[in-house]
Every structure is written in structure tokens, then in C-alpha cells.
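Residue numbers (UniProt numbering): 1 to 280.
Hints are not guaranteed to be accurate.
What follows is a set of in silico ranges between Cβ atoms, one per label pair, in the way DEER data are often shown [stated by the list, open to error]:
hint	residue 1	residue 2	range
1	Leu144	Leu227	18 to 24 Å
2	Arg95	Ile59	45 to 51 Å
3	Tyr265	Met89	18 to 24 Å
Because the hints were derived from the structure by calculation, they are not lab data.
No residue lacks a Cβ here, since even glycine has one placed at the ideal position from N, Cα and C.
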Amino acid sequence: MNTQGRSGDYFSFQLNPLNFLGGITFLLFWILLSTGSYLYLFYEMTPSGAYESVQNITIGQKYFGGIIRSIHRYSADGILIVIVIHIFMQFFSGRFRNHGRVAWTIGAMILPVMWLEGVLGYFLVWDQAGQMIAETAAYLLDALLIHHGPMARNFLLDETKNGLLFFIFNYAHLGIPALLLLLAWAHCMRISMPPIAPPRQVTIAILFALFALAIFLPATSLAPADLASRAVSPPIDWIFLAPFRLVRDFGLSPLIVWVGGGALYFVFFSLPWIFRNNQK
Numbered sequence: 001m002n003t004q005g006r007s008g009d010y011f012s013f014q015l016n017p018l019n020f021l022g023g024i025t026f027l028l029f030w031i032l033l034s035t036g037s038y039l040y041l042f043y044e045m046t047p048s049g050a051y052e053s054v055q056n057i058t059i060g061q062k063y064f065g066g067i068i069r070s071i072h073r074y075s076a077d078g079i080l081i082v083i084v085i086h087i088f089m090q091f092f093s094g095r096f097r098n099h100g101r102v103a104w105t106i107g108a109m110i111l112p113v114m115w116l117e118g119v120l121g122y123f124l125v126w127d128q129a130g131q132m133i134a135e136t137a138a139y140l141l142d143a144l145l146i147h148h149g150p151m152a153r154n155f156l157l158d159e160t161k162n163g164l165l166f167f168i169f170n171y172a173h174l175g176i177p178a179l180l181l182l183l184a185w186a187h188c189m190r191i192s193m194p195p196i197a198p199p200r201q202v203t204i205a206i207l208f209a210l211f212a213l214a215i216f217l218p219a220t221s222l223a224p225a226d227l228a229s230r231a232v233s234p235p236i237d238w239i240f241l242a243p244f245r246l247v248r249d250f251g252l253s254p255l256i257v258w259v260g261g262g263a264l265y266f267v268f269f270s271l272p273w274i275f276r277n278n279q280k
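Using the sequences provided together with the hints, build the complete structure.
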């Protein structure tokens, strides 16, 4: 690919991050797993206690827990960015065709699962961004349910059912990494020596960048969620939450979101067959 080749004019092979996107993805995954494990030691998995527990981590443990939370947040952003870059490189290099079809289709499964994992993480903070996720998701899900009233919204407002929702989402957030590992194994199984880690210099650079971001741009929570009033359009992480904000700000109908989003994903998933060639 031209971009990869041009970057080689400025970096040696061992220092060029574009040569190790798979290894960088695994590195960020393990960072997410370790930082997330620490955060869950202090996180309360209830709607009433979630926000306060995250605040205690962020402010009460400012110079440790707060840094851990920030590293967790920026690692999540980083892993999605790296996956998207990898997808573009595979597409423009043509490696998604023929023998690359299996890897492409599995990778096409990894992307939405990773995105969902990040969205759940933002929801579980249960601040204004989490409320925006919940309200927008309820708006979209109500269009799929055979019901005369706003069933999903009522589910959120019911304290008992909201607690059950938190329970389900927490264990989904904990369980999805196992699914991602399984998909990653399937994605790499045709590679004789899959890159499970980048070179030391690249690893050090990534860790330094994460620590710098955590110190100078620490992750913080917005105001706590309040379902008695509709959340305003809060500042968000556009990498993960852009779809929710776009639906909200532009008043997109559920039909447009489900049909349009489904069609785009189908085209993305089917690219190896759309652009197939006659090579055997």
C-alpha cells in the first residue's frame, strides 16, 4: 500500500507502526483488560451507585485510579482507530479478496463487537453521556417492538428493571472480551506467526502516549444521569458515540437508522464478493 510504503521512508521497519497494527491491537486489548479489571474492583454495578463509584475512582484516587481510568478510555479509542486503519489498508491493498475473504468477514464481525463494548463502557458510567446512549437506544428499539407505548423508555424508568438492565450490561461488558479473543483467534488462524505484540520501541511509544494523555487530558464524567429529564446534547467521545449524537441532533427516524445502517454494514461485510477477481 502507498501509505505504508511512504511511511517507510521516514521510519525503519521496526519503528513503523503501520507494520504492526495487529500487534498494536493486541497490546491495547491487554491494556484494556488489565485497566478494566482494576476499575471493576471499585465499580458498583447498580444505577444508584455506578456514577458515584466512578467519581470515587476518578477523584478519590486521582493519581492512580484516575490515571487508570484515563488509560482505559484512551486505549479504547486507540484500538478502534487502529482497527479502522487496518481495514482501510486491507481494502486499498486488495488483500481482502480471494484468500483474504475469511479474514475480512471475521474482521467485519470484530468491528461492531468492539464498538458495542466501548459503548457499554460509556453507558455504565451513567452520566449524561450514558443517559444519551440509553435514551437514543430506547428510541431506536421502540421502533422494533410490537407495542403501543414507549416500552424501552418505560423499562429504563422502572427502577427494578433498570437495575436488571445494568446487571445485564455489566456482564455483557465483562463477557464480550472473551468473544473478541475468539474472533481474533479465528481472524489470525491462517497466519503462521500472527503478530501478538509490536516491537519494544513501538510499545514504549504507545505506553508513553497513553500516560501523557491520561495526565494532561484526564477522562472525567459529565453530570449524573437523570431520567426524570431528557439529557441535553452532551460533549462526547465522537469515536464511539457519534451515531447516538447524530441520531439525536438530526432527529433521524428509526427506519433510516436501521435500514441505512444495516445496508451500509451489509455492503462493508460483502466487499470481498463485490470486488472479487478471477484469480484462483
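Checked hints:
Between Leu144 and Leu227 the Cβ separation comes to about 21 Å, which falls inside the hinted range of 18 to 24 Å. Take Arg95 and Ile59: their Cβ atoms lie about 47 Å apart, and the range 45 to 51 Å holds. At roughly 20 Å, the beta-carbon separation of Tyr265 and Met89 lies within the given 18 to 24 Å, and the hint holds.
Figure legend: structure checked against the earlier numbered hints; every hint is met.
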